[in-house]
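Residue numbers (the numbering used here), protein chains in the order written: chain A, 1 to 513; chain B, 1001 to 1365.
One should not assume that every hint holds.
[To be verified] Ranges of calculated distance between the beta carbons of each label pair, as one might list FRET restraints:
id : chain 1 : residue 1 : chain 2 : residue 2 : range
1  : B       : N1144     : A       : H163      : 44 to 50 angstroms
2  : A       : H281      : B       : F1301     : 47 to 53 angstroms
3  : B       : L1161     : A       : P270      : 21 to 27 angstroms
4  : B       : N1144     : A       : K402      : 38 to 44 angstroms
5  : A       : F96       : B       : S1346     : 51 to 57 angstroms
6  : B       : K1234     : A       : F96       : 18 to 24 angstroms
7  : A       : R386      : B       : G1207     : 31 to 37 angstroms
8  : B       : D1056     : A       : K402      : 15 to 21 angstroms
[Stated by the list, open to error] Listed below are several chain A residues computed to face chain B (Cβ distance under 8 angstroms; list not exhaustive):
id : residue
9  : D124
10 : I127
11 : V242
12 : G243
13 : H351
14 : L364
15 : L365
16 : G377
Just so you know, the hints here were simulated from the structure itself, not pulled from any lab data.
Idealized CB from N, CA, C, for every residue including glycine.
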Amino acid sequence: MQTDEAPPLVSMRQIVKRFGQFVANDQINLDLAAGEIHALLGENGAGKSTLVKILNGLLQPDAGEIYWQGEQVLLKSPRDASEVGISMVFQQFSLFENLTVAENINAAFTEHDTHGFGVRALADRIIEIGEDYDLNLDPNRPVHTLSTGERQRIEIVRALLRHPKLLILDEPTSVLTPQEAEDLFLTLEKLASGGCGILYISHKLHEVRRLCSKASILRNGRLVATCDPKSTETVEMASLMVGSSVPELRAPALHKIGDIRLHVEALSLPSQDIHGTDLHHINLDVHGGEIVGIAGIAGNGQSELFAALSGERLAQEPRHICIDTLPAGLLDIESRRALGAVFIPEERLGHAAVPDMRLSDNLLLSRHGTDNLIHGGLIDIRRSHRLAHDVVLQFDVRSASKNPYARHLSGGNLQKFIMGREILAEPGVMVVNQPTWGVDAGAATAIRQALIDLAAAGTAVLLISQDLDELFDLSDRMAVIYAGRLSQTLPIQNLTREMVGMMMAGSEVDHAA
Amino acid sequence: MRLELSPRQNVWPLFRLLSPIFAMAMAGLLASLVIMILGQSPQAAFDVYVLGPLDDSWAIQEIAIKMVPLVLIATGLSFCFRANLWNIGAEGQFTFGAIIGSILPLLTQGMGFGPWVMVIALLMGMLGGALFSLIPAYLRAHLNVSEILSSLMLVYVAQLLLDWLVRGPWRDPNGFNFPQTVNFDAGSLLPVLMDDGRLHAGVILAGIVVLVSMIVLSLTLFGFRVKVIGSAPKAAGFAGFSSKETIFAVFIISGSLSGLAGIIEVLGHIGQLKPSISTNAGFTAITVAFLGRLTPIGILFGAFIVALTTIGGENAQIMLKLPLDLTTCFQGLLLLCVLVSDSLTSYQIRFVSDKPSPTTPIEDA
Chain A
1 MQTDEAPPLV SMRQIVKRFG QFVANDQINL DLAAGEIHAL LGENGAGKST LVKILNGLLQ
61 PDAGEIYWQG EQVLLKSPRD ASEVGISMVF QQFSLFENLT VAENINAAFT EHDTHGFGVR
121 ALADRIIEIG EDYDLNLDPN RPVHTLSTGE RQRIEIVRAL LRHPKLLILD EPTSVLTPQE
181 AEDLFLTLEK LASGGCGILY ISHKLHEVRR LCSKASILRN GRLVATCDPK STETVEMASL
241 MVGSSVPELR APALHKIGDI RLHVEALSLP SQDIHGTDLH HINLDVHGGE IVGIAGIAGN
301 GQSELFAALS GERLAQEPRH ICIDTLPAGL LDIESRRALG AVFIPEERLG HAAVPDMRLS
361 DNLLLSRHGT DNLIHGGLID IRRSHRLAHD VVLQFDVRSA SKNPYARHLS GGNLQKFIMG
421 REILAEPGVM VVNQPTWGVD AGAATAIRQA LIDLAAAGTA VLLISQDLDE LFDLSDRMAV
481 IYAGRLSQTL PIQNLTREMV GMMMAGSEVD HAA
Chain B
1001 MRLELSPRQN VWPLFRLLSP IFAMAMAGLL ASLVIMILGQ SPQAAFDVYV LGPLDDSWAI
1061 QEIAIKMVPL VLIATGLSFC FRANLWNIGA EGQFTFGAII GSILPLLTQG MGFGPWVMVI
1121 ALLMGMLGGA LFSLIPAYLR AHLNVSEILS SLMLVYVAQL LLDWLVRGPW RDPNGFNFPQ
1181 TVNFDAGSLL PVLMDDGRLH AGVILAGIVV LVSMIVLSLT LFGFRVKVIG SAPKAAGFAG
1241 FSSKETIFAV FIISGSLSGL AGIIEVLGHI GQLKPSISTN AGFTAITVAF LGRLTPIGIL
1301 FGAFIVALTT IGGENAQIML KLPLDLTTCF QGLLLLCVLV SDSLTSYQIR FVSDKPSPTT
1361 PIEDA
């Protein structure tokens, strides 16, 4: 049993980490006891990742000490961390799609780790751990046949095989359905009751309240509070995280729901990628003035649907996709833009924007065909600078220079630029995929507000998202995509989180819709 | 122990500007070392390699003549390379351009037609290079065949075709069985610009190509499209730029400029077709393109340095008894230094230890 005299499992003292002039961690203290589930809360850029990387040996602090069970340790690499008993489950999985579960786990171990017990013995251990902690996994299945939740289990099992005394999880529920998240919580509680300390990184307050007994809140690289999340109000924690009260979304002005502006009918598309998802018989209408949400766990056909709607992949027949009643299924993306549609892909750097180009050139990327920017093949550079600057001003894009490279903007600011670029094109139809993924709360609110206002002005907005809060906040109607099939679209009033969660996991999907 | 490159957070712009100068200094130092090992004084070598050729008008004209094919080919290649397409068969497109461009001057030989033969020959040379580059372009765009291999292999096809032509059907009947065609009419050749040397009008064409390329790359939608496709292919799809069309476009540009370089060499200072029309310009131009960081102005500088050291190398062979291959070695050193120095400007090296380092609890100080 833990007594008051016993030193904490891990204790970080006065940790400082600078990147150039930027102070990512400023004298942070953190104590975590064995068996404790401790939340590390903060917005993107608050310094959570930096702190955790220091604890995992990926980064070295510029100042400060780390004590492990009372003794000072130097963690110079993840291997050092793993040897004292610290394991981490990352947000992004590093798995080989074509290998089996056991092969993937084996690949992460050296002979030194496995004591040479080989893949077959490893498979037994995987099953054992699975039984102990309700982490069902078939060691012999290839990874590409697994759901995201199952993939995450691989990462957790991989971490548990090292018998960690401290397990760090980075936003683990961002890829899970509500039900899967609940299963994960049960596993974590079981682990903690066995004496393992858990550091749980998140920005979802309701989860933290459900799971954690202690929370450290970071803001701008500083520790602003340590509290008991179960007895602290959500609103209070939110304002501690953001530093001011979170702006509320303004409801749209009363407006009419207009005609159908985006019509999708019987759209089927086989995937081009062996690990991709085929689209099956998708039907969907979006009227002017409304936001239609599409929920679903990553990898269920969202990016394929986006590519089909944008014209980056063509449909099989023109009639499958209509924009303002005009058949557009065989039109390329530029021709669809000419019909008044705009598109915002999920991946900001590399898809929606070119990292190594300035904002004025990135403006050109999607608007070169529609905004009178090209005269006889020559770029009107003055105009592209001016239009980019309009976006920067109207959408509050913050950066150090006037016309920065896309890669120099933070995620939130780049997304505001991309949203602004498309909104100022005055679209009739907008298809947007994961608009606030990895964006800080302030920017997320601004982006959501922009979508609400856009719909209120008569645009048909199709919002593909994995964030249920966002979908429930914004959508007028909602559907769920699962394994490349889209459910019926239902008014938001008729839906509950539980229903949507079940549909996201594949049950009750109305295939005949 | 292994090395890892991690991107630098902030790169001082001046640093980027100074990087090539630093690279040249490093290359100079390394070259001096090699020369010292060979038992010569680096200072004498510097005089011969760098200062000597700049001393008289004839040598300066020779430098310019050497630069012409390098600039033309490297400028074309820069379009391909920027779009992430590795056309390394410029040598073949150069040769094929020279062959196709020579058809009309051969047919009209001895008929005393005026300079329009030259104009059409230049255009046909471009067409020949372009047609030859369509082969790897088509294979890449439609069958996803690596353009690196296909373009390289076609170099041999073009060279053997030239070899066969000048030994067979196109051989000069009065040429004592040498593998070469007849000398073309003086009227079909590019006009010579200076009285005291061989400088020909190809220099003007190369200058025009550099200027136009600068405009195309920085001011046109096409140049924008090439850059987007090269640096973010998915974003290019998002912008509606077709990658197939771009593959054909950049190969045609690169092929026609290589072909133009080929026929300019023939009509500029060789005056006939023979197997040795090229001095590996198609391959050296790859070095030049990267020395110039794929920008037209940079390519001018790169071509100048390569041409200068090539002429200098010929002199060094005579005056210092240094082997001619040493020039290639110096040019290689220079490219290496430029690439290393550019990489180190953008990235920093970290040493990562692979060995498990024991975790030692340290005693409190």
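Quick rundown of the hints versus the structure:
1. B:N1144 to A:H163: 44 to 50 angstroms: holds, 47 angstroms
2. A:H281 to B:F1301: 47 to 53 angstroms: Since the Cβ atoms of A:H281 and B:F1301 sit about 60 angstroms apart, the hinted range of 47 to 53 angstroms is violated.
3. B:L1161 to A:P270: 21 to 27 angstroms: violated, 44 angstroms
4. B:N1144 to A:K402: 38 to 44 angstroms: holds, 42 angstroms
5. A:F96 to B:S1346: 51 to 57 angstroms: violated, 30 angstroms
6. B:K1234 to A:F96: 18 to 24 angstroms: For A:F96 against B:K1234, whose Cβ atoms are near 22 angstroms apart, the range 18 to 24 angstroms holds.
7. A:R386 to B:G1207: 31 to 37 angstroms: This hint holds: roughly 34 angstroms between Cβ atoms.
8. B:D1056 to A:K402: 15 to 21 angstroms: violated, 50 angstroms
9. D124: Violated, about 26 angstroms.
10. I127: Given a least distance of 28 angstroms, the restraint on A:I127 is violated.
11. V242: violated, 26 angstroms
12. G243: violated, 25 angstroms
13. H351: holds, 4 angstroms
14. L364: Holds: closest Cβ of chain B sits about 6 angstroms from A:L364, inside 8 angstroms.
15. L365: holds, 5 angstroms
16. G377: With a closest approach of 5 angstroms, the A:G377 hint holds.
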